[in-house]
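These are the residues of each chain, in order.
Protein chains: 2
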Amino acid sequence: MTAWKNATDLATARANAFQEALVELLKIPSVSSDSTRKAELEAAAKWVRDFAEDSGLQAEILPTDGLPVVYGERRVSDDGPTLLIYGHYDVQPVEPLSEWSRDPFDPVVRDGNLIARGSTDDKGQFLALLCGLQVAFESGLGPKVNIKVLIEGEEEVGSPSLVPFIRANKERFAADAVIISDSSQLGPGAPAITYGLRGILCMELILRGAKQDLHSGSYGGAVANPANVLTRIISACQKPFGKIAIPGFYDHVRELEAHEREAFRELPFSEEEFLNEVGAPALWGEEGFSSLERKWARPTFDVNGLTSGHQGEGSKTVLPREARAKFSMRLVPDQDPEEIRRITEEFLLSLVPKSVEAEIIPEHGASPVLVSTDTDVFRAAERAIETGFGKRPVLVREGGSIPVVNTFKEELGIDSVLIGLGLPDDGAHGPNEKFSLADFQRGVLTMAALVDEVSKHS
Amino acid sequence: MTAWKNATDLATARANAFQEALVELLKIPSVSSDSTRKAELEAAAKWVRDFAEDSGLQAEILPTDGLPVVYGERRVSDDGPTLLIYGHYDVQPVEPLSEWSRDPFDPVVRDGNLIARGSTDDKGQFLALLCGLQVAFESGLGPKVNIKVLIEGEEEVGSPSLVPFIRANKERFAADAVIISDSSQLGPGAPAITYGLRGILCMELILRGAKQDLHSGSYGGAVANPANVLTRIISACQKPFGKIAIPGFYDHVRELEAHEREAFRELPFSEEEFLNEVGAPALWGEEGFSSLERKWARPTFDVNGLTSGHQGEGSKTVLPREARAKFSMRLVPDQDPEEIRRITEEFLLSLVPKSVEAEIIPEHGASPVLVSTDTDVFRAAERAIETGFGKRPVLVREGGSIPVVNTFKEELGIDSVLIGLGLPDDGAHGPNEKFSLADFQRGVLTMAALVDEVSKHS
Numbered sequence: 080m081t082a083w084k085n086a087t088d089l090a091t092a093r094a095n096a097f098q099e100a101l102v103e104l105l106k107i108p109s110v111s112s113d114s115t116r117k118a119e120l121e122a123a124a125k126w127v128r129d130f131a132e133d134s135g136l137q138a139e140i141l142p143t144d145g146l147p148v149v150y151g152e153r154r155v156s157d158d159g160p161t162l163l164i165y166g167h168y169d170v171q172p173v174e175p176l177s178e179w180s181r182d183p184f185d186p187v188v189r190d191g192n193l194i195a196r197g198s199t200d201d202k203g204q205f206l207a208l209l210c211g212l213q214v215a216f217e218s219g220l221g222p223k224v225n226i227k228v229l230i231e232g233e234e235e236v237g238s239p240s241l242v243p244f245i246r247a248n249k250e251r252f253a254a255d256a257v258i259i260s261d262s263s264q265l266g267p268g269a270p271a272i273t274y275g276l277r278g279i280l281c282m283e284l285i286l287r288g289a290k291q292d293l294h295s296g297s298y299g300g301a302v303a304n305p306a307n308v309l310t311r312i313i314s315a316c317q318k319p320f321g322k323i324a325i326p327g328f329y330d331h332v333r334e335l336e337a338h339e340r341e342a343f344r345e346l347p348f349s350e351e352e353f354l355n356e357v358g359a360p361a362l363w364g365e366e367g368f369s370s371l372e373r374k375w376a377r378p379t380f381d382v383n384g385l386t387s388g389h390q391g392e393g394s395k396t397v398l399p400r401e402a403r404a405k406f407s408m409r410l411v412p413d414q415d416p417e418e419i420r421r422i423t424e425e426f427l428l429s430l431v432p433k434s435v436e437a438e439i440i441p442e443h444g445a446s447p448v449l450v451s452t453d454t455d456v457f458r459a460a461e462r463a464i465e466t467g468f469g470k471r472p473v474l475v476r477e478g479g480s481i482p483v484v485n486t487f488k489e490e491l492g493i494d495s496v497l498i499g500l501g502l503p504d505d506g507a508h509g510p511n512e513k514f515s516l517a518d519f520q521r522g523v524l525t526m527a528a529l530v531d532e533v534s535k536h537s
Numbered sequence: 080m081t082a083w084k085n086a087t088d089l090a091t092a093r094a095n096a097f098q099e100a101l102v103e104l105l106k107i108p109s110v111s112s113d114s115t116r117k118a119e120l121e122a123a124a125k126w127v128r129d130f131a132e133d134s135g136l137q138a139e140i141l142p143t144d145g146l147p148v149v150y151g152e153r154r155v156s157d158d159g160p161t162l163l164i165y166g167h168y169d170v171q172p173v174e175p176l177s178e179w180s181r182d183p184f185d186p187v188v189r190d191g192n193l194i195a196r197g198s199t200d201d202k203g204q205f206l207a208l209l210c211g212l213q214v215a216f217e218s219g220l221g222p223k224v225n226i227k228v229l230i231e232g233e234e235e236v237g238s239p240s241l242v243p244f245i246r247a248n249k250e251r252f253a254a255d256a257v258i259i260s261d262s263s264q265l266g267p268g269a270p271a272i273t274y275g276l277r278g279i280l281c282m283e284l285i286l287r288g289a290k291q292d293l294h295s296g297s298y299g300g301a302v303a304n305p306a307n308v309l310t311r312i313i314s315a316c317q318k319p320f321g322k323i324a325i326p327g328f329y330d331h332v333r334e335l336e337a338h339e340r341e342a343f344r345e346l347p348f349s350e351e352e353f354l355n356e357v358g359a360p361a362l363w364g365e366e367g368f369s370s371l372e373r374k375w376a377r378p379t380f381d382v383n384g385l386t387s388g389h390q391g392e393g394s395k396t397v398l399p400r401e402a403r404a405k406f407s408m409r410l411v412p413d414q415d416p417e418e419i420r421r422i423t424e425e426f427l428l429s430l431v432p433k434s435v436e437a438e439i440i441p442e443h444g445a446s447p448v449l450v451s452t453d454t455d456v457f458r459a460a461e462r463a464i465e466t467g468f469g470k471r472p473v474l475v476r477e478g479g480s481i482p483v484v485n486t487f488k489e490e491l492g493i494d495s496v497l498i499g500l501g502l503p504d505d506g507a508h509g510p511n512e513k514f515s516l517a518d519f520q521r522g523v524l525t526m527a528a529l530v531d532e533v534s535k536h537s
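Chains as they are written, first to last, in this note's numbering: chain B, 80 to 537; chain C, 80 to 537.
By construction, these hints were calculated from the structure, which means they are not laboratory data.
Predicted model only: the values in this text are computed from it and were never measured.
Please note: incorrect hints may appear among the correct ones.
In this list, chains with the same sequence are indistinguishable; a pair is considered to hold if it fits within one copy or across any two.
As the list claims (entries may be wrong) - Using 20 Å as the maximum straight-line C-alpha spacing, the simulated EDC-like pairs for lysine to aspartate or glutamate come out as follows:
(1) 318 <-> 424
(2) 535 <-> 157
(3) 290 <-> 352
(4) 290 <-> 436
(5) 433 <-> 352
(6) 433 <-> 366
(7) 117 <-> 392
With the hints as extra help, turn the sequences into a complete structure.
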């Protein structure tokens, strides 16, 4: 118990320093989808490398075909267990800026939350794990546990470089389990381990008509309007209540097991509170499914962006030259992103009239995943969360995608343990993203406890 | 003939000065839909007032409930005929700026065309008329013809203030005919008088779901996506090939007369050249109608702008908080904009699910119009165009709207004569708007000749 007492004392003593470190990292606008932000992404990588070094890891920046990864290692035993910690230093875009109450890269604490782009996704979450390692190492926890840390910079654009990089460095990343904090608790006071993730497939459809915007009076009726056509094609992909009309889309959808539906029903989840959190006029979705089932285990087709013609104030009577729809589909086991991409492209193109030209931009995809809940590290993680949060975690699925979870399974044969430190209303990907400082500190303790638990049971 | 010889000599001598004047006016970014451009709109009004004064009119700026109008008058006879010249000094927005080859308010001459926002719509066209008046007055043409000039600043936003202003000043605007150059020739070397205009109705539909953008993984499937719903509602307004699905939409559509279809067929119009001008992959429209019939005499439903969610580079997996569609319907005799507005709103709202909130912004509307071709001034205009352009004009209809044509008819009982100086591919409302300097000069001569013709035949 002395080592653990030391660890908790140290975590408390360092709490302010850890917060200040997180604030520093959040100030770096490392938006990976923005090709003008390369310098900031590299600055974020350097910052993480330095922090990992200061925490007791041998750390370095490794080049990839795209943005660099930070790799850190602490090797203490040839026969001890090895944990691979994964996170990402890149963040989502911040548009529309007008919906933020302040600069997304000038973090502020409000009501116990740190508000900034990347606070919960994923800088705050992975940094809690690094801080927990620092605490564990300095307190003498887990003397035989080997640690590897891999923090990448392309998660928000589908990790295109990481997959070949891992494939080319299998020895380096060999481990018994991957630990990832890039998800959510079920709610405040309901810490969770996520055992299932939806897959994803992103695309953009661009339709082009006339060579330039035309006066809708002088030409309307005699020239096809790409924006009109776009609404018809995107509409044709949908059926009422969230069903998808793309032929073959449901062919490989695995239905939920009875025991999962039962377990979901017993979770502390209130449809009313969920509606309140969302702030929509009403909930919505596939008939015959609960909200949790809809967002965790049913596929979707969602428009992420529409752009055409006049975007400003007032009316402008043009036939737009071009119309664009960005959309993403969330996939569930056993849908294959590449097959869905193929049938979706086929369907879209079959709807394009000869009066417009279509271009489909293939964006990133990831397979859905279910991880094993029956491993030593998984059970150690359950106990560590109970220590860090004072409450046993619930087992949940999540609607989002963490593409590398698949990569780790497919390339390295390792299951991931997804420890959610965030909250569902943190606003990942939206404006005013936040992360609870109390959960940050609980995450630090959870990681320290996980090193301890893995050490004791190996 | 001496007066007419003087006029043509003067027009030639002044050609450069007239062009320079037009360039000055085009430099003023008088975008009426942009509420931040009030000062520029007022500057444009002052410029027009000064030019009218210099041309021999008694001119002043008259306040309205909105932007001011420029009014000029030259009263020479109690029993002579009176022409009312109408134009507008405001212009369309310029977005997207990236599609302009240069600053839209820094005019340049290229291939004999002046390129700038407003060059053809309507600064270049109405200024040709004012220059023609200057030439006529100084050459002694039309000694008994009274002239009134009315140049407004809200045409591109539906002339909301002009209608009550004319209604309140009926005496001031009394005239035998209105002369308007805010339309097009049928093509190069085919000058035209437009005897029919489509009406218009503009609206914007805004759908709102959650209180902020949401992560499409964490929420997708359980929360309605306003952008998805928007595509379905806008799609539901359309049938294949440009037919409109709003119930009751066609109830009052007047079919083309057989003699009109016959006359249209005889016009020098090539579907192939039209396609080439447009630059689309193929022509398109209602089955059983020619392109001219489709764009002149059939109603339309056109999306003018779509805005939702992520507009930038790459993918961003959000459920947008809001989705917007701006759209306009072109109307034909005897459709009533207010009735169409009512049935459209009813139809749209009937399609809105309870999971999103809808707002409909009513934008401007105007009735379709057919003017009499059987008047003295109409026949004088045919001869004046033959003098100015060296070619007898064809009689056409046009797909665009000039709302005041209705106002002049309804409030003052006066028919308008629409003398098109522009060309169909001038790009009014689009990027790189242009106006031929040769047509500008032909317009000057046409106006001078019109004063002369009206004088001789009255």
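Hint check:
1. 318 <-> 424: within (18 Å within a copy, 23 Å between copies)
2. 535 <-> 157: Result: close within a single copy only, 16 Å intra versus 110 Å inter.
3. 290 <-> 352: For residue 290 and residue 352, only the inter-copy Cα distance (14 Å) is at most 20 Å; the intra-copy one is 50 Å.
4. 290 <-> 436: Close inside one copy (11 Å), not across copies (36 Å); limit 20 Å.
5. 433 <-> 352: This pair counts as between: shortest inter-copy Cα distance 18 Å, intra-copy 48 Å.
6. 433 <-> 366: between (37 Å within a copy, 15 Å between copies)
7. 117 <-> 392: between (33 Å within a copy, 14 Å between copies)
The structure fails none of the hints (numbered hints given earlier).
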